[in-house]
Structure formats: C-alpha cells, structure tokens
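K.L.:
Chains as they are written, first to last, in the working numbering: chain A, -4 to 171; chain B, 240 to 476.
What the hints contain is simulated information worked out from the structure, not anything from laboratory work.
Cβ-to-Cβ under 8 Å is the rule here; a few derived chain B residues that face chain A: (1) I255; (2) L257; (3) A277; (4) R286; (5) L290; (6) D291; (7) T293; (8) A294; (9) E295; (10) A298; (11) L299; (12) P300; (13) R306; (14) L311; (15) G404; (16) G455.
We treat Cβ as the ideally placed atom computed from N, Cα and C, and that holds for glycine.
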Amino acid sequence: MTDHAQLIQACARGDTASLRSIMEAEGGRMLGVAKRMLRRVDLAEDAVQDSFVIIWQRAGQFDQTRGAAKGWLYTILRNRCLTMLRNNIWEIPTETEIMERLQDSDIIAEAYDRLDSSSDLRRCLDGLDDTKRSAVLLAYVLGYSHGEIAGRVQAPLGSIKAWVRRGLAQLRACLS
Amino acid sequence: MTDNRPIEERVDEVVIGLADPAECESITRLAETDPEVAALLDRARLRYGELDDTAEPVALPDDMWDRVAAALDSDVEDTEPVPATTVVPFLRPTPSPKLLWTSITSVAASLLLAVALGWMLMSRVEPTVIAVLVNDAGNPVALVEGTEDNTTRITLLGPTTVPEGRIMQVWTKPDADGPPVSLGILDRVESTQLGAEGLPTPSVNQLYEITFEQKGGSPTGLPIGPIHGKGLAQQPL
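If we strip away everything but chain A, and leave its shape as in the complex, we get:
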C-alpha cells in the first residue's frame, strides 16, 4: 500500500518521481471525483492537473500530525473543483465533452449505494430524512451551494441552511 504521507514529504524535498507515484495511486480516483462534481471530463482533467501542481507547491506545508495524507490530497482536489464551480469557469462544451447525462438524484443515489454496507457514515445517513440526506449529499458529492440545493429541492434558502445544519448535527451525534 502506498504511503501517501512519505510521498508528500518526498515531494517537499523536490522528488518529482514521488509526485508521479501519488498521481499513479490516486489520480484515477481523483479524476472520478472531479468528473462527478464538474460534469465535464475536460474541466475535471484541468482540476486534477491543477491539484497536482498545488500538491507539489504545498507539500512542504503538509503536517502528518495534523491530518491524514489522503484527506489532505482530496481536500486540495475538492477545493479546486469547488473554486471552479463557484467561479463558473465554463466554456462552450462540445458534445464529446459533455458528461454522461445523468441526473443529480441518480448520482447521489449511486454514491450513497456504493458506501460500504458496514460504513458508519452510511448507517448515519440512513437515519436522516430524505431532504437532509439529499442536501448533505448534493453538497459533498456534487459541490452544490446552499442556493443550488434550494433551487434543486424548491425550498427557501433559510430552510435549506437550517436543514443542512440539523442534518450535520444529527450525523455528528450518530458518528461520535
């Protein structure tokens, strides 16, 4: 199993082979995460490319005692994707660039279904009502903002914020 922390530390020492090893180990999954959020392969590839550059630039700041290496890597990727989503960096899509035309509800249902059956997160998500569960999943899996969730489920923004907070509180209580 790849030791991501050691590889990140090697990147900090200027070892590009280690960066490549991280890319080989996690790049495919990272592209999958980015594609799911950004819906377009070309944008997802840009996000992954940018993320590896950021990983390289920030490797010296990685502190193993403060958090897991994998979480650090995916946080960089997710933040890059969210920045692209929030900045609306869309250009004209061509037919081949447009992702499989799946609906959001299918994508979040798939993510939920793929959680390991023994997963605490899954068990605790089970305990949420549909609206709260959807809101949390739309935010995490698809990078929806509060406003986008409100539009999606046709509810006022204030209600969505309250539901999400209650949902997160329920999840924390369940997961602790």
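Since chain A is already given, all that's left is putting chain B on it; use the hints.
P.N.:
Below, chain B without anything else, positioned relative to chain A:
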C-alpha cells in the same frame, strides 16, 4: 457573523463544501493554532471522504503527467501566502467579465418562477427573430420568437413528451463564440413567454435550443440534458 455557531458545525460545513471562502479561511486560521480544530477537520474529512471513494475511477489521459510536469513551475494559485497547515483555503474568486452572461442567467434560471409568465398575460410585440426548433428526426418541435427587449415566446409544436422527473429549459447563444445561456424553464408542457434581462437583442443566426433538464434547471448553468430541439433564428420579413 457566524462565529457564535458551534465550531463542529462550522468545520462540517467547510468539509462538505458549503462554507464561503472567508469562512474557510477563518477555520483554516483557527486550525493553525488550535489542534482541536485541526483534529475536528481531520475527523470530518475522514468521515465524508468515504464518499470520495464511491466515485468511479477514470483513467487519466496519457499526457497527464507531462501536463503536470510542465506546470510545476507555474503559479496555479494566487500569490497570497498559504498558511502552514493541512487545511487548504479556497482560492480567491477572480470574476471574469466574459462569464457575466453565464452568471446572470444561472441566477435567472434559479429564479425561474419569477420570469415565467403565462402565455395569456403577454402583450404581443412583433418578434425581431423567429427560430423553428427541430429534433434529431428533423421534425419541428417548437417555435421561438425573440423580441427586441429579449422577451422570448415559446410555442410548442405537436405532442411533447417530457421524460419523467425532468423539465424543459430554453437556451440561446447571444454570442456565437460564447457559452449558451439559459432563458428560463418550462415546467409545464405549454406555450410560454420568458423574459431575460441583460442580454443583447437577438440576432439572425442566433442559436436557440430546448433541453430536458432536471427539475430546477441544469445545475451547471449549461445545457447538460438531452436536446429536445434546436434551431437558428431568422428575421421575419
């Protein structure tokens, strides 16, 4: 503003992507100095990170490493200093004027109820352009009339079957080289008038398109659903 909220809640919102950039930065700063906040962040990432593992891996393009290697000396990020922490702040938004239309119409799409007016209520204004939208089979499915003030009348033609759980969304490309922008949503199968502000007067050869999108409209602000019909505008004589 939100500082009196429980730190756990704020951390969770950062991790699931619902915090704004300022809040992300604020939590980042806290985590730098407070190991407990850093631990909360790590735990939340670990929990929700299970969802990242549910994404189907996608093969990287062959040239990905070359692209990354070529960019290593570049400056992807802003030049602002990055705090020494495992927390990664959001990058500062850099609004791009060329994206203005997209932004405006994304908002317009989310305010669909405000812009969709009944056919009966409209005051008849002579159209500047007319487009007949045809489907893949070449059959006309809608007539689009665009007026000078960008009121767009949509007359649906023939039987129209909207896939379960979807709505119709109307798009146009005011700039042939620019992105498509949403004119609004038809959540019922009936002829409708849509109003869009801030767009240039429609012109000849402007593309119009109707797609089937999820309820509430395309989440990306761009057409991603199947195309019902499309066509180029012409000037009525």
